[in-house]
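As they're listed, the protein sequences go chains V and H. At position 320 of the first sequence (counting the first as 1) the number is 346 in our numbering, and the numbers step up by one without a gap. At position 33 of the second sequence (counting the first as 1) the number is 38 in our numbering, and the numbers step up by one without a gap.
Some hints here could point you the wrong way.
Unchecked claim - Calculated pairs, SDA-like style, for lysine to any residue (alpha carbon to alpha carbon, straight line, at most 20 Å): (1) H:LYS138 to V:ASP428; (2) H:LYS138 to V:GLY439; (3) H:LYS138 to V:ALA155.
Stated by the list, open to error - Not close to chain H: a few residues of chain V, all C-beta gaps over 12 Å, as computed: (4) ALA93; (5) ILE302; (6) LEU320; (7) LEU337; (8) ARG444; (9) GLN477; (10) TYR526; (11) ALA545.
Simulated from the structure, these hints should not be mistaken for laboratory data. Even for Gly, the Cβ is constructed at its ideal location relative to N, Cα and C.
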Amino acid sequence: MSATVTTAPSGATIHRPSTRARLMGLGSVFGKAVRDSRGTALALGILFAVIVVLTTSQIVAEFDTAAKRALMAAQLSALPAVFQGMLGEPIGIERLGGFISWRILNILPVMYGIWSIVALSGTLAGELARGSLDVVASTPVARRRLALEKVGAYLVAVAVTILILGVWTYVAANAFASLPGDEVSAGAVAGHMVLLYLMVLAPGAAAFAVAPFLGRGGAVGVGALVLFGGFVVSSYASTVSVFRSVEGASYFHMTAAHRPLAGAWDWPSVGLLAAIVGALLLVGIEVFARRDLLVPSGNRLPVPRVRLWVLGPFSRGLGERFPAALSWGALLGLFGLVIGSSSDEFVAAIAQIPQMVEMVQRIFPDADILSTGGFLQLAFFQEGIIILGLAAAFFVGGWASDEGERRLEVVLGTPIGRAAWALRSAASVQAAIAITVAVLAVALAAGTMIQGDDPLRPVIGVAVLGLYGMALAGIGLAVGGLVRPSLAGPVTLILGLGFYLWDLVGTILEWPSEILDIALNRHLGRPMIGEYDEAGMLLLGAIAVGGVILCAAGMRRRDIGR
Amino acid sequence: MPPIIQAERLTKRYGIHRGITEVDLEVREGEVFGFLGPNGAGKTTTIRILLDLIRPTSGTARVFGVLSSGDPVAIHRRIGYLPGEFTLYDRLTGSETIEYFANLRGGLDRAYSKRLIERLDLDPSRRFSEYSKGNKQKVGLICALQHRPDLLILDEPTAGLDPLVQQTFNEILFEAKEEGRTTFLSSHIISEVERTCDRVAIIRAGRIVRLDTVGALREMAAHEVELRFGEAVPMALFADVPGVTNLVQEGRMVRMLVTGPIAPVVRLAAQRDLVDFVSREPTLEEVFLAEYETSGRAAASASPVEPAAGL
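Sequences and hints are given; from them, build the entire structure.
Okay, here's the thing in structure tokens:
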């Protein structure tokens, strides 16, 4: 690892770190940060590269003539924005590049954005909270340089991910090109990847800028607001009038016209985004360099300090997660309130287009889609699935930290059995999800009542979302109890995002339903419009409860503190 | 010779909470300086200001004559720091951790770090997360010592170490002192400070309440004196001697506490049939506890008294 050898004034032989160690090893703060993130960077790059290649091959096989492509493009472009929803405006989708851009790459800044928030909110604030930053900051590495090296390493990691994706997008588009105009140039791929790179960084940069003030938890909240708020506002601005007034603040909206793979270029918007991202990162670096190295406090919701929170493992676990449960519920509830109270606008817009009503009724036979519930099913439920998955992973991760940070050993030093602790503390995770869902349900019910509609179905729909979140948490808890706590949060997160991607990609690739149905989110029915999947709900409930029981069984058997 | 550490009216407030108040300190080159105080007294706050991890509300701190917030990198280049509470990187092994922190200081002196690893009896092949508390402390100590810093700043350095390793650690401190290096040792383990330090500052509720050599602090404290006579001697004989307190008589024996010079008591006792004389020097622990009791009483008497109910 060390290359240069020099002799110090004391006569000691000093082995200086090699260039390789400085760039990707233990030779510098930058090198270590690159070393720590290389696995994730490669995995994320390869994952989406595989999705791009598979999707491209399937599309080319299915739409093998210009006429089929044109028909598909016309149908998709005719959909109102709410049906296009999370994928944005279809631009040039009759060509391969345009289709890849619309179907796969438009969702990528959301998926990678979560990584960006987690990484950039924690790179300094997380290390400060752990206690290792004091030691690093007492070495002759100036604070500004320390922050710069940490951020620089993450910029490199994202660049590697995007590079992998870009290379395979270029290869796939040109290898499978079957119609005139399918080929894409290296310049177009590069132009698109520059946009993706900046969009991935944007929410993380916002989190990084506020982390010295708010700590890691608050920074994650701000990053999530920038990411999901920007995404939802941009996706539904044409349907929800409230969003139209703020869509200019969304970086998704700002850069929507830059889709080089589809032949649309808008470099000024990309330049503006680059300037914003750069400024946010510089703010974070400068603030870190100037402020005291103290873990910020007082940024959590003010929860009354009541004895209720210290009655036992259940109440302690719930007390620990209660502020976050309220925050998650309020965040998602605000979105639900806006969407719910905008349903009349949507219904009115759809009703003016008889062909559209006919098409909607073909897609959802026997369902009153022209209602608040129908609108919520279309515009709210899918986003709810992702956010409930994230919330479940957050709560399960918090539960696992009891063991990871060795608090559990103190608790188990008291006369409480392992299984009893596991049952009660795991139940507190499920209760936290229930609180999130309850807050969300109140907001959504308020939104529908503003429209003069019956809130029952939306509330039941939210309950189904909650059941899904609990099922994901149940799996994470079971893994944490049976195997090791450090896996619990990541498994929940991977499943939450994985099920969504499985459904998305599998539907595009027309996988058999037996394979597609592996994704738990395919067993939720369409509860907002009164279509219930009773078997699915039973399955989700069984996983939620069974996970807690398996967790307790595992905790009884395995070593503690792994 | 300019002091290695110089703090002048150093004050730090965390919002409404007290940090430290007008702390004045000077640590001289080559000495082992003890910083004594109970939990929460302000030891770590002082250290973190010296390292520019936090900035003072008022006052100044200089290390090697450099303002701590002016050029912290120049200071950090010459110091080795062990925090009181820390955790390092769970996935790195002990040797990787040691190498990383050596690299951040320019490079690794393999021979010296290997010697430290052997002396502190550390298995460097295990991951940091697998280490016991004591072994984590050893890794932290090696990271602080391996570049032979001019100034060691150690916050509770022996926490979690077994007695044998504590002994080795003391030897390393003495070697550093012999080489002319300076140590600033923060602790609440009084025996450790007494054993290793030249001078000691006692901090209480954010303020320095005593600063002197270990010997002088002992001198300032009361000696426990026991006089045995051939016949019963009235203890009132000693009551007016300056510095005498806590007089107790048990038959032909008189016990007392003497603060300051002991000679007047000896002269007075010698005029009687003195059979035996025992004087025990106070330990630093007794000095420390006495200081805290005194300061505590002073603080209590200075506190406003709440009026009784009904007044």
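Going down the list of hints, with the structure as the test:
Annotation: proposed proximity of LYS138 of chain H to ASP428 of chain V holds, straight-line Cα distance about 18 Å (limit 20 Å). This hinted pair checks out: LYS138 of chain H and GLY439 of chain V have alpha carbons roughly 18 Å apart, not beyond 20 Å. Proximity of LYS138 of chain H to ALA155 of chain V is assessed by CA-CA distance (about 18 Å); at most 20 Å being required, the pair is judged to hold. Chain H leaves ALA93 of chain V outside its interface by the beta-carbon criterion, the shortest separation being 56 Å against a cut-off of 12 Å.
For ILE302 of chain V, the requirement that its beta carbon stay farther than 12 Å from each beta carbon of chain H is met, with the minimum near 30 Å. With a least CB separation of 6 Å from chain H, LEU320 of chain V falls inside the 12 Å interface cut-off, contrary to its annotation. With a minimum CB-CB distance of about 28 Å to chain H, LEU337 of chain V clears the 12 Å threshold, and the non-interface call stands. Distance check for ARG444 of chain V against chain H: the nearest CB is about 21 Å away, which clears 12 Å, and the non-interface claim stands.
With 12 Å as the threshold on Cβ separation, the claim that GLN477 of chain V sits away from chain H holds: the shortest Cβ distance comes to roughly 46 Å. Look at TYR526 of chain V: its CB is around 29 Å from the nearest CB on chain H, clear of 12 Å, so calling it non-interface holds up. Interface exclusion of ALA545 of chain V from chain H stands, the closest Cβ pair being 32 Å apart, more than 12 Å.
When the structure is compared with the earlier hints, a violation turns up for hint 6 alone.
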